[in-house]
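Chains as they are written, first to last, in my numbering: chain E, 1 to 458; chain L, 1 to 458.
Incorrect hints may have been included.
Intra- or inter-copy, both count: the list cannot distinguish identical chains.
As the list claims (entries may be wrong) - Straight-line Cα separation of at most 35 Å, DSBU-like style, residue types lysine-lysine; simulated pairs: (1) K78 - K17; (2) K127 - K446; (3) K27 - K317; (4) K254 - K17; (5) K222 - K283; (6) K78 - K317; (7) K446 - K93; (8) K254 - K7; (9) K283 - K7; (10) K408 - K222; (11) K128 - K409; (12) K408 - K159; (13) K17 - K7; (14) K127 - K409; (15) K287 - K408; (16) K93 - K127; (17) K408 - K128; (18) K93 - K183; (19) K403 - K93.
Honestly, the hints are just simulated from the structure, not real lab data.
2 protein chains.
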Amino acid sequence: MARIPYKIYLSEDEMPKRWYNLKAVMKELPTPFIHPATLKPCTAEDLHPVFCKELVDQEFNTTDQYIDIPEEITEYYKTYRPSPLVRAYSLEKMLDTPAEIYYKFEGTNTSGSHKLNSAAAQVYYAKKQGLTSLTTETGAGQWGTALSMACAYFNIPLKVYMVKISSQQKPYRKAVIETYGGKVIPSPSDTTEIGRKILAENPGTGGSLGCAISEAMEVALKTENCRYVLGSVLDHVLLHQSIIGEETRIACEKYDINPDILIGCVGGGSNFGGLIAPFVGDKIAGKNNMRIIAVEPASCPTLTRGKYAFDFGDTGKMTPLIRMYTLGSGFIPSPNHSGGLRYHGMSPIVSKLYHDGYFEARAEEQSKIFDAATMFSRSEGILPAPESSHALKVAIDEALRCKESGEKKTILFGLTGTGYFDLAAYMSYNDGTMTDYIPSDTDLEKGFASLPEVQVRF
Amino acid sequence: MARIPYKIYLSEDEMPKRWYNLKAVMKELPTPFIHPATLKPCTAEDLHPVFCKELVDQEFNTTDQYIDIPEEITEYYKTYRPSPLVRAYSLEKMLDTPAEIYYKFEGTNTSGSHKLNSAAAQVYYAKKQGLTSLTTETGAGQWGTALSMACAYFNIPLKVYMVKISSQQKPYRKAVIETYGGKVIPSPSDTTEIGRKILAENPGTGGSLGCAISEAMEVALKTENCRYVLGSVLDHVLLHQSIIGEETRIACEKYDINPDILIGCVGGGSNFGGLIAPFVGDKIAGKNNMRIIAVEPASCPTLTRGKYAFDFGDTGKMTPLIRMYTLGSGFIPSPNHSGGLRYHGMSPIVSKLYHDGYFEARAEEQSKIFDAATMFSRSEGILPAPESSHALKVAIDEALRCKESGEKKTILFGLTGTGYFDLAAYMSYNDGTMTDYIPSDTDLEKGFASLPEVQVRF
C-alpha cells in the first residue's frame with residue numbers, strides 16, 4: 001500500500017452524515033439530571049425554559065445510536081471540515097520511536113478549536129425554533145469565539161458572559177468575538193441578580209466560569225425567545241462532537257489505521273467524548289480492546305482525584321444536580337494556563353464510562369505539558385493549545401515507551417486546537433517563570449465540602 | 001459535473017514538483033542589480049558573501065522555466081501543504097452575486113501566511129551548503145515566525161532583527177519566534193555598527209524594516225558561515241512562492257475553473273508574484289487574457305504613485321541598486337496596520353511586469369479594507385490578515401460589479417494569511433478609532449528625494 005500521507009483529508013462526500021450517540025450503546029446509562037427542588041429526575045419540560053427544544057430531545061435520547069446531521073449544519077461544517085487526520089512523521093523522527101503517531105487536528109478554524117462543532121448545531125436549532133437571541137459564557141474565549149462565528153453565519157444575536165479576568169487578560173479574544181458580532185459582557189456584571197450579588201460580596205473578584213454560567217442562564221430565563229447554550233459537559237454537546245470521532249474512524253478505515261492507544265485531553269469532556277465515541281462504542285460491544293487515556297491538568301484533577309457524586313454544574317447552583325466526577329462546585333482551580341480544562345466537573349457520559357472502567361485517566365503538570373508542546377511545535381510546526389498539549393504529552397510518553405520496548409504501536413490523539421491566544425503562557429514558559437501547582441488534600445477537601453447534601457439520599 | 005466542494009485540497013501526489021520561473025518566460029527581463037560602487041551589474045560572486053550560493057544561482061537563472069523542488073523541501077511542504085483553494089459559497093450568498101469567488105488560502109500553517117514557502121527553501125539550501133547560522137529581519141513578524149519554524153525543522157540557529165516598535169507592540173509574535181528557537185533582537189540594536197549609528201542619531205527611534213535589514217545583513221557579512229535571508233522582493237523568493245500559483249493552476253485544471261480576474265495584495269510582491277506566476281506566464285505567451293489586479297495600501301502606494309527607478313532595498317543603503325517601483329528608501333510609511341505591505345519598494349519582476357502592462361494596480365484605504373475583512377470573516381469564518389484583506393476588498397468590489405451587470409465572472413484571489421496577530425487593528429476598527437492616511441504629493445516628494453543620484457546615468 002502507498003505511504004500514508006502527512007495529512008488525510010476526507011472528501012466532502014466521505015464526511016459523516018450522522019452523529020454517534022454513545023448513550024444508545026452504553027450498557028448502563030449515566031444517572032439522569034436531578035431537579036434540586038423535587039429531587040426527582042428532570043423532565044424535558046424542566047429544561048425547555050433554558051435550552052432549545054431539539055437539544056433537550058437530544059439530551060434525552062438514549063435509543064438512537066445514530067442521529068442524522070441536518071443538511072444546513074452539514075453545509076456549515078463544510079466551511080471548515082473535514083479536519084485533517086495527521087501522521088506525525090516529523091515528531092516520530094524527532095523521538096526516534098518505532099511507534100506510529102497520528103493526531104486529529106481540530107484547530108484549523110478561526111475559533112481555534114473543536115468548539116465550533118457544537119456551536120454550529122446549537123445555533124442552527126435555535127434559529128429553527130425561531131429564537132431571537134442566545135446567551136452563553138466563556139472562560140478562555142474559545143467557546144465564545146466559536147459561538148459568535150456560528151451566530152454570525154446563522155444571523156442571530158449573542159451575549160457572551162466572559163470571565164472578567166479573562167476578558168482583561170485576553171482583550172484579543174474579546175476583539176475576535178466582537179468582530180463576529182457577539183456582545184461581550186465581563187462577568188460578574190451588574191446586568192444580572194446573581195452578578196450583582198457576587199459583586200456585592202466580592203467587589204474585586206475576577207470572576208469564574210461557574211459564575212458566568214449562572215449569569216448567562218439568568219438572562220436566558222428572563223428574556224423572551226432567548227435560550228442559553230453551553231459548550232461542553234452536556235450529552236448533546238458530546239453528541240455533536242462525535243463528528244470528530246466519526247471522521248477519525250472513517251479516515252482510519254480508509255487507510256487501514258488501527259490505533260492501539262487513543263488519547264484525549266479532558267476539561268468538561270466534550271472533545272474527549274466526541275473523539276472516543278465510535279471507538280469506545282466498539283469497545284463496549286467487545287469489538288476492540290483499545291487503550292483509551294484521558295489526560296487532565298494536575299491542578300484540576302477531576303477524574304484522578306475527584307468524587308463520583310451529585311453536584312451542581314455552576315457556582316451559582318442554578319443547574320440541575322448532575323452525577324459526575326467532580327471536585328465540588330466550590331473548588332477554585334489554580335490559575336494555570338489551560339483555561340479550557342479548569343472546570344470542577346466532568347461530562348456525565350465521560351464520568352460514567354470512566355466509572356465503569358472503559359478508559360484510564362492521567363493528571364499532568366503544566367511545565368511538562370509545555371516541554372511537550374515546544375517539542376511538538378518544533379517538529380510538527382503547529383503551535384498547540386495548552387489544553388491540547390495534555391494529550392500530546394501522553395502520546396509522546398507512550399511513543400517513548402515504545403522506543404524502549406521496541407513495540408510498533410499505533411498511537412492516535414486529539415489535538416483540539418491552536419495556542420495562538422495562549423502566548424502569555426508560552427512567554428512564561430520560555431522565560432522560565434512558569435510554575436506548577438498541585439492541590440493538597442486539604443485544598444480538595446474544601447472543594448468537596450461544597451458538594452450538596454443531597455448526596456446521601458442516593 | 002458534481003458541485004465544486006467548499007475546499008479543494010490536492011493530494012500529496014498532485015502537488016507541484018517544480019517551481020515556476022517567471023524570468024524564463026518574460027519577453028523582457030528586469031534590469032539586473034547594479035553594484036553601487038562600480039555601477040556595473042552585480043555578479044553572482046558579489047552576492048555570495050550575503051546569500052546562500054544556490055539561492056544566488058536561482059536569482060540569476062533566466063533560462064529554466066521550471067526548477068525542480070528538492071525532495072527534502074517537498075517533504076517539508078507536505079507538513080503544511082497543499083493549501084486549500086476555497087470556493088467562497090457563503091460570501092457569494094452574502095453578496096448575492098452571480099460571480100463565482102475562489103481564494104487560495106495560505107494561512108493554515110502556524111506562521112499564518114505564505115512566508116513559510118520561501119523560508120523552507122532558503123533554510124534547506126543553507127543547511128545543504130553547511131552554513132551554521134542565519135540572520136534575517138522581520139517587521140510584523142510573519143517572516144520571522146516562518147523562518148524560525150523552518151530553522152527548527154532543519155535545525156540551524158537563527159537571529160531575527162525585529163523592528164523595535166513591532167517587538168514591543170507584538171510581544172506574542174516574539175514569543176512564537178522564540179518558542180521555535182529563534183533569537184529575537186529588537187532593532188536598531190547595539191549589536192551592529194549601523195544599529196549603533198542609528199541609535200546615536202535617533203535614540204528614541206522605534207526602528208524600521210529598512211534598518212532591520214541593514215543590521216541583519218551586517219551580521220551575516222561579519223559572521224563566519226552565516227548568511228542573510230530575505231522573505232520578499234528578490235527573484236528567488238518569488239520563485240519559491242510560485243508553489244502557490246502552481247497549486248492553484250493544478251486545482252483549477254482539475255475542477256475546470258477558469259478565472260476571469262486574478263487578485264493579490266502587494267507589499268514586497270512575493271505572494272503576488274507567486275500566485276500569478278503560471279497565469280501571467282500564459283498571458284505573456286498569449287494563451288489567456290486574464291485580468292490581473294495588484295492591491296496595495298493607499299498609505300504606501302508603491303505601484304500606483306511610485307517611480308520606476310533605481311533604488312536601495314534598505315534604509316542603510318547596503319543593498320545593490322534595484323530597478324523597481326519605489327517611493328524612495330527614505331519614504332516612511334504611516335503606521336497603518338498592514339505591516340507586511342509597508343515597504344517602499346517592490347519586487348523587480350513584479351515591477352517589470354507592471355511596467356510592461358501585464359496587470360493593473362489599485363490602492364485601497366485601511367478602513368475600507370476592514371469593512372471587507374469583517375464581512376468576509378462573518379461569512380467565510382476565516383479572520384483574514386489586514387494585508388490579505390486588500391485582495392479580498394477588491395474581489396468583493398468586482399463581485400458587486402458583477403451583481404450590477406449580471407455577469408457570472410470567476411474571481412480568484414490570494415488570501416495570504418490570518419489576522420490572529422492583528423487584533424489590535426481589529427479592536428481599533430471595532431471601536432471606531434481607526435483612521436485612514438493618504439500621503440500628500442509633498443510627502444511623496446520627500447521620499448523621492450532619497451532616491452540615489454545614479455538614476456540619471458541610466
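A quick look at each hint next to the structure:
For a Cα distance limit of 35 Å, the shortest separation of K78 from K17 qualifies both inside one copy, at 12 Å, and across copies, at 29 Å. Proximity of K127 and K446 under a CA criterion of 35 Å is satisfied in neither setting, with 42 Å inside one chain copy and 57 Å between copies. For a Cα distance limit of 35 Å, the shortest separation of K27 from K317 inside one copy, 30 Å, qualifies, whereas the shortest one across copies, 75 Å, does not. In this assembly of identical chains, the alpha carbons of K254 and K17 lie at most 35 Å apart whether taken from the same copy (16 Å) or from different copies (26 Å).
For the identical chains of this complex, K222 and K283 are neighbours neither inside a copy (44 Å) nor across copies (63 Å), given an alpha-carbon limit of 35 Å. For the homomeric pair K78 and K317, neither the shortest alpha-carbon distance inside one copy (38 Å) nor that between copies (50 Å) is at most 35 Å. With identical chains, the CA atoms of K446 and K93 are never at most 35 Å apart, being 46 Å at best within one copy and 54 Å at best between copies. Both within a single protomer and between protomers do K254 and K7 lie at most 35 Å apart by alpha-carbon distance, with minima of 13 Å and 20 Å respectively.
In this assembly of identical chains, the alpha carbons of K283 and K7 lie at most 35 Å apart whether taken from the same copy (27 Å) or from different copies (34 Å). Neither within a single protomer nor between protomers do K408 and K222 lie at most 35 Å apart by alpha-carbon distance, with minima of 57 Å and 48 Å respectively. In this assembly of identical chains, K128 and K409 lie within 35 Å of each other by CA distance solely across copies; the values are 34 Å between and 46 Å within a copy. Within a single copy, K408 and K159 get their C-alpha atoms no closer than 49 Å, and across copies no closer than 39 Å, so neither meets the 35 Å cut-off.
Taking the shortest alpha-carbon separations for K17 and K7, both the intra-copy value of 22 Å and the inter-copy value of 18 Å come in at or below 35 Å. Within a single copy, K127 and K409 get their C-alpha atoms only as close as 46 Å, which misses the 35 Å cut-off; across copies the closest is 33 Å, which meets it. In the homo-oligomer, the alpha carbons of K287 and K408 lie at most 35 Å apart inside one protomer (21 Å), although the nearest pairing across protomers, at 53 Å, exceeds that limit. In this assembly of identical chains, the alpha carbons of K93 and K127 lie at most 35 Å apart only when taken from different copies (18 Å versus 48 Å within one copy).
With identical chains, the CA atoms of K408 and K128 are at most 35 Å apart between copies only, with a shortest distance of 32 Å across copies and 49 Å within one. When the C-alpha separation of K93 and K183 is checked against a cutoff of 35 Å, the pair qualifies only between copies, where the shortest distance is 25 Å, while the shortest distance within a copy is 46 Å. Proximity of K403 to K93 under the C-alpha cut-off of 35 Å is restricted to the intra-copy arrangement: shortest distance 11 Å within a copy versus 52 Å between copies.
Going down the numbered hints, you'll see the structure goes against 2, 5, 6, 7, 10 and 12, while the others check out.
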